[in-house]
Structure formats: structure tokens, C-alpha cells
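Participant: One-letter residues, chain by chain:
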Amino acid sequence: MAVTDMTKLTLGPITYHWSAEDRRDFYARIADEAPVDEVYLGEVICSKRAPFHEPDLPDTIARLERAGKTVILSSLAEVMLKREGKATVDLAAMDAPEIEINNAAGLYARGDRPHRIGPFMNAYNEATIAWMARQGASHVCLPAELPGEAIAVAAKAARDLGLDVEVQVFGRASLAVSARCYHARSHGRTKDNCQFVCEDDADGMPLCTTDKWAILRVNGIQTQSESYVNLLPEMPQLVSVGVTHMRLMPQTVDMVAVAQVFRDALDRKSDSGDAEKALKDICGDVAFSNGFYHGQAGYRRIALATAT
Amino acid sequence: MTGFARLSCAVVQPILTRVVRRIAARHPTLFARLGPHQVTNFLIDPIELPFALHLRPDPDALVFRAVPRDAVPEHGALIRGKFMLLLELMDAEEDGDAAFFSRDLEVSGDTEAVVRLRNALDDVDGSIAEETAEMFGVPGCAILARLRRNYSTQETGAFAP
Amino acid sequence: MSIAELICPAGTPAALRTAVDAGADAVYCGFQDATNARNFPGLNFTPDELAEAVVYAHAKGTKVLLALNTYPPAGKVDLWRQAADTGARLGIDAFIVADMGVADYFAQTHPQVRLHLSVQAAASSPEAIRYYCERFGVKRVVLPRILTIPEIKQVRKEIPCEIESFIFGNHGLMVEGRCSLTNYLTGQSTNMDGVCSPASDVEYKRHADGTMSSQLAGFTIDCFGLDEKAGYPTICKGRYTAPHRADAYYAFEEPVSLNLSRLLPELIDAGVHAFKIEGRQRSKSYVRGVVRAFRQAVDDIRAGRPADMANLVALTEGQKQTQGAFETKKWR
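Chains as they are written, first to last, in the numbering used here: chain H, -6 to 301; chain X, 395 to 555; chain S, 18 to 349.
Hints were generated in silico from the structure; no laboratory data involved. If a hint is listed, it holds; no wrong ones were tucked in.
Here are the simulated DSSO-like pairs of lysine-lysine, each with C-alpha atoms no more than 27 Å apart in a straight line:
id: 1; chain 1: S; residue 1: K156; chain 2: S; residue 2: K80
id: 2; chain 1: H; residue 1: K41; chain 2: S; residue 2: K170
id: 3; chain 1: H; residue 1: K205; chain 2: S; residue 2: K222
id: 4; chain 1: S; residue 1: K170; chain 2: H; residue 2: K75
id: 5; chain 1: H; residue 1: K1; chain 2: H; residue 2: K273
id: 6; chain 1: H; residue 1: K75; chain 2: S; residue 2: K156
id: 7; chain 1: H; residue 1: K79; chain 2: S; residue 2: K174
id: 8; chain 1: S; residue 1: K170; chain 2: H; residue 2: K79
id: 9; chain 1: S; residue 1: K156; chain 2: H; residue 2: K79
id: 10; chain 1: S; residue 1: K246; chain 2: H; residue 2: K205
id: 11; chain 1: S; residue 1: K174; chain 2: H; residue 2: K75
id: 12; chain 1: S; residue 1: K170; chain 2: S; residue 2: K156
id: 13; chain 1: S; residue 1: K93; chain 2: H; residue 2: K149
The shape of chain H in the complex, shown without the other chains:
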């Protein structure tokens, strides 16, 4: 029996280079108004951005925790420079708040103390999850491209080992990361002299094919889907296979409203048609996709055979 009212809604770490001020405003609203249970903070994409917003972390953490939200700090997906290694080690040394690890360097530093496994750690299957559990993982966020049948098997394995399981249900999917910065490259620069051009694209820099098809978004070293993942109709299925946490990735739409739509759907206070319409109204022209979940091309939106 699905226990949807115990299913947690989470807000993933902001992937874009939003200004410190925008982040403060954003998290103030999230704290006061958003029906999310857990909030991930921290810089996952580019260590050059961290000095801009990390000084605000203690205040943001306090504000969110006062509002009853659980805070988790996420680590960098790519660790290459010495200072990135050090930042990862510092994060791994913390016991409060919880930490989410996105790179094997973080696992190395953390040892077998409790930690969460982030979506960049490639926890694709039950064998890897079992291994990670033995090393102290308490929670695993599955990769965005994992199809529904695999999610079911992975979630069961994780639950049997006492781990919580998280799946992204809203927002752009991370499709690739690189050592090269594609934002800088588009302006003829490199990562070292980027002048932080990525701050111009609060929802990612759009790329189109030569025949004018919007296809991808660039965000620094990261390449994202053009479409927003939208698993509203699939959520009951996710809950029934044991997924405990539904992740919303922050985009430049009203994320409080988005959270409310997903919370109402989980609590069965809205029917699927209304929820879908409400989300469409919030997100405007952006295409939705759920192809990965259905084992098809990620950009596709597959209609479910029966509405719930």
C-alpha cells in the first residue's frame, strides 16, 4: 500500500550561477512557503562560483532548519584541482548537516561514516547500492537516466538494506559534465578566464540545431536537457516501488508553486489532469519529458495508458 503522505519532497541543489542575493531571496521563500521536507545546498557544478554564495551558507541553513526543513550539503561532481579536493575533504569532515557525495574523492575522505549518495555517483544497480550501503551510505539518489523497471529493483534493494531512495521528478536532467566550460567556450574564453558569463543564463544557455530545434542547455561544465523532467503521472508508481524522496530541481519558475503542485499530487488533493495543467501554467512554454523513465529517448513525453 502506497504511503504517499510519508513520501518526502526535496529541493535539489541550485545548478546555475544565481547571485548571492537571488539565492538569499529564493531560500527565504522556500523556508517560509514551500511544502518541501528537505533542501540540498552547496555548489555541485563549478568551484569558481562557490566563494560567491558559500558565506551565506550558515544563515541559509539556520533559516531553513528553523522552518522545519532538513538541510543536506552536496559536494562537487567533478574534483580535479587541489582546492576542490580540499573543499571535498572539508565537507566530508562534517557530521551536521548531512552530506551528499557526488565524487569518489568524497567517498574516500568520508570513509564509512554515514553519508548520502548523489546522482553523479552512478548508483545504477543493486550490487553497487549494496556495496555503498556497506560503506556507510544511508540514502541514494538514482541517476536521471535509469528506467522505471530498474528503479523498482534498485529501490527494493536499497529499502531492504535500510536506505532511503530518491528520484528526480522535476527540472532539467543533467546529461553530461566535462572538464571544459562550455559557457566560457561560447564566448571564446576558457574556464580560467571565464568572467562568470554563466550568471547571464539563470535557466541555462539554450543550444539549437542548425534547423532551429531547441535541443540542449549549457550550464558551465554541465550539459542539460532542454526539457524539464516531469514525472507527476509516474509518482504513484515510484511510491509503490519504494522511492521515499522526490527531488525537484530548482529552475527559474515559481518553485514554491511547483512544490505545492507535487505535494498536492502526493497527498492526493488534486487529480492528475489538474496537477498537469497547474504545472504547465507555472512553467509556460518549456517542454516536459519523461522518456528516461519509460526506457525511451529522454526528450520524449510518453502518455500513460491509464490515468490514476
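Once you've looked at the hints, dock chains X and S against the given chain H.
Facilitator: Just chains X and S, lined up with the frame of chain H:
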């Protein structure tokens, strides 16, 4: 021109039949690599020759025949280039990717079929061209040697439209 | 511990024999399924073919490495376990792995086998590499193609295992093992199915004006002018427009190939133990040409002679070459 094309098709057909049966007999693993594309119709177009070649590498119903260009069958994949280039590619003496990227080789239709054919032919030890030439004895080998010499002294240019 | 091993690609049994005969110190290959990252139609080995290949290679003193470097999706791990069991039974000299569950299976079931860490594990820092060495007994790491030579020198000092570095071939730009671009457009996954821009979704369209578009799953990845060299529609090598780039540009990378022949002496000096030639999906002529050239170059360097690599240009995709990150950070 069409009369000449048809005549030349008729002349080479028995040779082609012998050749393809010999290759099939000597290299059975070739077919396994083709997988579902054993039943694909390939059109191989050696642009300087007066005909094109229709290949259907089905081990149970092998087809390898010359066809006039104004009467090509429906095909799943087309491979077009100079005759000697195709010969060299068949033996993997030239790299298919290099030829394609330099636009000497034209490929269209089912790309997976072409990739399978390429990988299947690549998994053959030695030279199919040599084997084929040897079937025709000393004259065969001499003709092949002369073709190779001529080809290597030509400039390679863009394929003919 | 030998110096400057040449690790050469073997897409088919015939290619393997070609590489062995051309002087490879080791060859790497995969099974005909999703367990390796070059799962191309008509490529790779059946278990019987691999058994014969091992016999052939070992008789000539060449090692055989098996790539098991993809990520089993939950519910399908048995396929990778069977591949591991088969490889161990056939006497494979080392397994190239990425998934922690696969590495753990080896550690528990075949603890005696030698493990190499694939680029697909994306371990680019000493800490990440040490994690795999200490937890799974990895003996060699294939470094991502993103480190400069000074960085490689530094990493070498901080890790207990050998280093293998790519030296020639198709240049990967995205962090390997973290890329789902192909799955986004086609529904087949690089990580789970071992495919990248699969041929089944590729189409070349010729236009009336003589230009040619390369398409993947119906998306136009690039368009080539009349006299332009063509390319394969790999998503990260396509041309796209952006709001401030109205003319289509190579948003990620130009279709160049890696060629580090010039840097061989420095790489050897930096502590790189083995050099990997990319190209299991390339032809025997590619393999023969590249392996012979690098065999000669390595032998020349060992003997103190200068190495000459001019003949390798024609084999590179798009016929342009790069030294990637290896010389300078400006690449990033």
C-alpha cells in the same frame, strides 16, 4: 549506353556468382556478424564501372549481381565510390571512416547495415581481393596488380555526383 | 614493470591478430553485448572467439584485456557477472571496470584477477583513484583525457597504482561514465547499453545544393558544405547555435582526434606506464597503421632516436589533430 550496360552485366554475372559463393564458403563467420542485415539489400556502386552491384548476403539465398544503373532494385543501403577504393575498403587496406570523412566514399540509407557489413568484412584475415583474383589464376592476379598500380597513381578527388 | 606498454584496440578477431602482429604489448576487447562501451553492430567477440584470441595473443607474448566498463542497470547485473566469470575462465590478463558493483563482484568472486579502472569511472583526482585502489585492489588507472602533463606527474606521486594514458584516437570530451546525451536523443544509453550515437539512429541527408547533414534520431547534428570533410553525428561534436552565436559553431569540441606522439617522451617521463590507442570500432588498416607507427615510435624513443608520426594524420577523424588537455590548461 543502356544496351552496353546490360551486355556487361550479362558478361560479369557468372564471375560474380562464383566469387560470392567462394567468399561465403571460406568465411562463414562473416554472416554471423551481419546479423539481421543478412537479408538487407545493399547497392554497391563503383562509379567508373558501367554497372552497379546488388548484394544480399543471405547465406540461404545469396545474391550478388550486376545491375544497370537505370534498373537498380530497392535497397536498404547504398555504398558508392571508385571501384578500386571499394576493393581496398573490402580488404580494409583503406580505412572506411577516413574515406567517408574525406567524402571519397558516399554512404546512404540504413547506416547500421553498412556498419555491420564493414565490421563483418573487417573480420577476415588476408585479402578478399587477392582470393578472388587467385580464382582466375595468373591473369587474375596480374589484372589486380595493374589495377592497384593505376589506382595508387591517380589523384583521389571528391566522388562523382 | 615494463616501460611504455602499447595497449591496442581489437574490435574483431582479425583486428586482434593484426594488432598482435603489429607489435602490441596488450590488446583490449569486449563481448558482443552491453557489458562494454563499444557495443557496436557486428563488432566484438563471442566467448569462443575470445578463447581463440587469448591463445593466439599469449603465444606471441601479448596480453589480453577485457573491457567490462559499462554500468549494469538494476535487474540486469547477471549479464556482467557472467562476462566476468567467462573472462576469468579464459585467462584474461586484466579486466577494465567502472561500476563499483562489478568491481566488488570481482573482489569477492575472482579475487586473483587483475583489475584496471576504466575512464568510465571518472576518477581524475588522487583521492578518487586511491578509493578504487584501496577498496577493490585496482592495479592500474586509465586516466581521463583531461589532465595536463604536470598534473599527471603530480597524480603519479600520490597514487599506488600504474597509469595508463590515451595516446591516439577519438577524443572524448565529456567526463566518461557521466554522459547520457545519446540516451536523451535515441533511447539507447552509453552507460547501460554501451553505445554512443548508435548507427541505427544515424542518417546522412544529401541536399540539392551539395551540402550534407548528419542526423541522429532525426536531430541535425551537423551540416557539411560541398568541400567540407564529413563527420559522424556524435552529439558532442556537432554544430549548434546559441542566442549570441547565430552562426552554428562547435559548442563542445571540433571533430579532432587525439595524437600525443610528440609528447611520448614527456609522458614516459611523467610516469605513464602504458599508452592506450583508441579505436575498437575502426578498421584493421587503422589498427595496423597506428600500432606499427607507435611501436616504432616507442622503440625509437627507448633507443634515443627521434620519432616520426606524420603518416598518422590521415587516419584522424575530420583530419585534424589535437593534443587536448595534455599540454595546456587553455583547452578547458
